[in-house]
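There are 2 protein chains.
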Amino acid sequence: MSQVTIDKNEVDIVIAAFNSDLTSFLESWRPVFSRFHLIIVQDPELKDELKIPKGFDFDAYIKSDIEKVIPPSNTSMFSGYVCRYFGYLVSKKKYIISIDDDCTPAKDSNGDLVDIVTQHIINLKTPATPFFFNTLYDPYRKGSDFVRGYPFSLRTGVPCVLSCGLWLNLADLDAPTQSLKPELRNDRYVDAVLTVPKGSLMPMSGVNIAFDREAVGPAIVPALKLAKEGKVRWETMEDVWCGLVVKVVCDHLKLGVKTGVPYVWRNERGSAIDSLKKEWQGVKLMEELVPFFQTLKLSEDAVTVEACVVEMAAAIKKGSHPELANAAGNMVEWVKIWKEVGSRVTV
Amino acid sequence: MSQVTIDKNEVDIVIAAFNSDLTSFLESWRPVFSRFHLIIVQDPELKDELKIPKGFDFDAYIKSDIEKVIPPSNTSMFSGYVCRYFGYLVSKKKYIISIDDDCTPAKDSNGDLVDIVTQHIINLKTPATPFFFNTLYDPYRKGSDFVRGYPFSLRTGVPCVLSCGLWLNLADLDAPTQSLKPELRNDRYVDAVLTVPKGSLMPMSGVNIAFDREAVGPAIVPALKLAKEGKVRWETMEDVWCGLVVKVVCDHLKLGVKTGVPYVWRNERGSAIDSLKKEWQGVKLMEELVPFFQTLKLSEDAVTVEACVVEMAAAIKKGSHPELANAAGNMVEWVKIWKEVGSRVTV
Numbered sequence: 001m002s003q004v005t006i007d008k009n010e011v012d013i014v015i016a017a018f019n020s021d022l023t024s025f026l027e028s029w030r031p032v033f034s035r036f037h038l039i040i041v042q043d044p045e046l047k048d049e050l051k052i053p054k055g056f057d058f059d060a061y062i063k064s065d066i067e068k069v070i071p072p073s074n075t076s077m078f079s080g081y082v083c084r085y086f087g088y089l090v091s092k093k094k095y096i097i098s099i100d101d102d103c104t105p106a107k108d109s110n111g112d113l114v115d116i117v118t119q120h121i122i123n124l125k126t127p128a129t130p131f132f133f134n135t136l137y138d139p140y141r142k143g144s145d146f147v148r149g150y151p152f153s154l155r156t157g158v159p160c161v162l163s164c165g166l167w168l169n170l171a172d173l174d175a176p177t178q179s180l181k182p183e184l185r186n187d188r189y190v191d192a193v194l195t196v197p198k199g200s201l202m203p204m205s206g207v208n209i210a211f212d213r214e215a216v217g218p219a220i221v222p223a224l225k226l227a228k229e230g231k232v233r234w235e236t237m238e239d240v241w242c243g244l245v246v247k248v249v250c251d252h253l254k255l256g257v258k259t260g261v262p263y264v265w266r267n268e269r270g271s272a273i274d275s276l277k278k279e280w281q282g283v284k285l286m287e288e289l290v291p292f293f294q295t296l297k298l299s300e301d302a303v304t305v306e307a308c309v310v311e312m313a314a315a316i317k318k319g320s321h322p323e324l325a326n327a328a329g330n331m332v333e334w335v336k337i338w339k340e341v342g343s344r345v346t347v
Numbered sequence: 001m002s003q004v005t006i007d008k009n010e011v012d013i014v015i016a017a018f019n020s021d022l023t024s025f026l027e028s029w030r031p032v033f034s035r036f037h038l039i040i041v042q043d044p045e046l047k048d049e050l051k052i053p054k055g056f057d058f059d060a061y062i063k064s065d066i067e068k069v070i071p072p073s074n075t076s077m078f079s080g081y082v083c084r085y086f087g088y089l090v091s092k093k094k095y096i097i098s099i100d101d102d103c104t105p106a107k108d109s110n111g112d113l114v115d116i117v118t119q120h121i122i123n124l125k126t127p128a129t130p131f132f133f134n135t136l137y138d139p140y141r142k143g144s145d146f147v148r149g150y151p152f153s154l155r156t157g158v159p160c161v162l163s164c165g166l167w168l169n170l171a172d173l174d175a176p177t178q179s180l181k182p183e184l185r186n187d188r189y190v191d192a193v194l195t196v197p198k199g200s201l202m203p204m205s206g207v208n209i210a211f212d213r214e215a216v217g218p219a220i221v222p223a224l225k226l227a228k229e230g231k232v233r234w235e236t237m238e239d240v241w242c243g244l245v246v247k248v249v250c251d252h253l254k255l256g257v258k259t260g261v262p263y264v265w266r267n268e269r270g271s272a273i274d275s276l277k278k279e280w281q282g283v284k285l286m287e288e289l290v291p292f293f294q295t296l297k298l299s300e301d302a303v304t305v306e307a308c309v310v311e312m313a314a315a316i317k318k319g320s321h322p323e324l325a326n327a328a329g330n331m332v333e334w335v336k337i338w339k340e341v342g343s344r345v346t347v
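One line per chain: the protein sequences are A and B, in this order. Using the working numbering, the first residue of the first sequence is number 1, and each one after it goes up by one. Using the working numbering, the first residue of the second sequence is number 1, and each one after it goes up by one.
Think of the hints as simulated: they come from the structure by calculation, not from any bench. Glycine residues also receive a C-beta, built at the ideal position from the N, C-alpha and C atoms. Hints may be right or wrong, so weigh each one.
Cβ pair distances, simulated, as ranges [unchecked claim]:
1) A/G270 <-> B/K339: 58 to 64 Å
2) A/D187 <-> B/D21: 39 to 45 Å
3) A/R155 <-> B/G329: 30 to 36 Å
4) A/T5 <-> B/S109: 26 to 32 Å
5) A/T5 <-> B/G270: 45 to 51 Å
6) B/K8 <-> A/R155: 54 to 60 Å
7) A/L50 <-> B/L180: 50 to 56 Å
8) B/G342 <-> A/E287: 37 to 43 Å
No more than 30 Å apart at the CA atoms, straight line, and that leaves these computed lysine-lysine pairs for DSSO-like [stated by the list, open to error]:
9) A/K125 <-> A/K142
10) A/K142 <-> B/K278
11) B/K278 <-> A/K284
12) A/K181 <-> B/K278
13) B/K278 <-> A/K228
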């Protein structure tokens, strides 16, 4: 319904570099990314120097940059996938687009290259509708609207602060599912975006997301790191945990989360079977986490994102799991760091 | 994931006839409907004799048939769109497919005719997942699965009892929206079906639905009839009301509701502007109904669909609206009639 303009000064694209040579990755994205500023954060465990092709406007951060900002006790947290959160922290922009470096642009059902930046920003700049489900999906998309019976008082919606994109080819499955169905590929391009309803939690994937940094930055929190976490998505849980946290915060503060388009194309990774011995810890944790987060009620005093995260951390700490106590500590620490970094003039 | 077989003895297709000549409607559906039994219910206000083309297995019901079953005080309720509920009542099958007679088959993104019966039955025979949102939509669809982070204990799902299909061309908008945007047509074929999460209500449209009659029949209830209701969808609210009722029942009894494919093609109707003087009553009612149904908690004693509907009717009756008191009365009456008709050997 609405016309969205995209101001390049409002957008940072954050890329976590797990491979030092980003040439083919960035070349594939050049038509989409070249007019935006990139924040490239090198996995602190990666020793080689980054190779970044010419023609991009970027800032790159390495281990020593992280160590200047993050207290020494916390720097180990920022290895692997989590290093991208450092990019969220040092950005000064309103919107963050974040994408894994094993993804290339997808094509839509017309065969056109998917511009993930435009679509994510449209998702974020148009309202979300978490209080009633619209059967024609996002009513603000061109060609759509609210269907008969949708209360008019709810048609203004609420601010959308998180846009979760999807993946073609290699879907973001867990190691057991991927091991059981090694041939399974996602080839269904579903041309839709929708608000995840209030009260419903979803398994957020960090592969392809965007968010309003000013509105929910402190809730996009690096907190849960599994002991045997590795360098493939099916071994990680940091994003899933973050998704539970941010959705509870959004439901409490009347903010919206969307899921659907834009898609990216996820390229092949190694065998999931090797990961099976690692990832069960995360799989088992979810059985406890989901009921916990589903029943968590934040107090009326929690009126800011920071207050919500801190209150949630306190509730988690009361539990018995040692991993979760660590995660709760990381959440409190993150809110603190976020405030400190935000108050500096330069990083 | 699962293979679904469709037994024609389990399915009734219910058609409410608002036009006496069903020839072109049924001919358009012949490839899909011809192997199933049809229940055709003539709008009691329609005087002409039905014209039904050869080669269909059907039972037709007219005003005098309705009067044999429904108490005289209630027969006026069954005029217009509501007459189809009489078909639901007299069916002996497990599954009902119900479709408006101004719809013809849609084409999918490959240009193939959409077989609504097969898709609705697949939706109903595969589980629903109302307790956690799956970002790759229905995990039971071929080519899809649960994404990383989805709790394994929730992957068995719950029985799906209601499948809400969608519409191409003329979308199911209300009269104000249709009047404001007379040129708006829905041409986006979204190849997805998803579970409406627990706690989220949706504006059910009766244009194209299917349900498990044995499981939720008594909750598919004709209850709310607006004073100036007419013969076009944007003047009616009976289906929207029914959707609120059935979703609250499903959430309470741990049953599932899906929305998405299959699509039908909705043909043009007259001007929505004429309806504006009629439909505001329904639009205004929704402002009160949604908060009411959203906060309604059924008791633990309500363990059957019938008990849920009766308990809900009692809660509605306590309100102040005269239309709603009538609707509550109709709900209680429906549960009674459903039980009576179900206990007869033949109708």
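Results of checking the hints against the structure:
Between A/G270 and B/K339 the C-beta distance comes to about 60 Å, which sits within the given range of 58 to 64 Å. Range check, A/D187 to B/D21: about 43 Å between beta-carbon atoms, so the 39 to 45 Å window is met. For the pair A/R155 and B/G329, the beta carbons lie near 31 Å from each other, so the given range of 30 to 36 Å is met. Taken as a hint, the range 26 to 32 Å holds for the pair A/T5 and B/S109, whose Cβ atoms sit roughly 30 Å apart.
Take A/T5 and B/G270: their Cβ atoms lie about 38 Å apart, and the range 45 to 51 Å is violated. Judged by the Cβ atoms, the range 54 to 60 Å given for B/K8 and A/R155 is violated: they are separated by roughly 42 Å. A/L50 and B/L180 have their C-beta atoms about 53 Å apart, which keeps the hinted 50 to 56 Å range intact. Taking 37 to 43 Å as the suggested C-beta distance range, the pair B/G342 and A/E287 conforms, at roughly 40 Å.
Straight-line distance between C-alpha atoms of A/K125 and A/K142 comes to about 14 Å, which keeps the hinted pair within the 30 Å bound. Between A/K142 and B/K278 the alpha-carbon distance is near 28 Å, which keeps this suggested pair within the 30 Å criterion. As the CA atoms of B/K278 and A/K284 are separated by approximately 55 Å, the hinted pair breaks the 30 Å bound. Between A/K181 and B/K278 the CA atoms are separated by roughly 55 Å; this puts the pair beyond 30 Å, and the hint is violated.
Distance restraint check for B/K278 and A/K228: the Cα-Cα separation of roughly 64 Å exceeds the 30 Å cut-off, and the hinted pair is therefore not satisfied.
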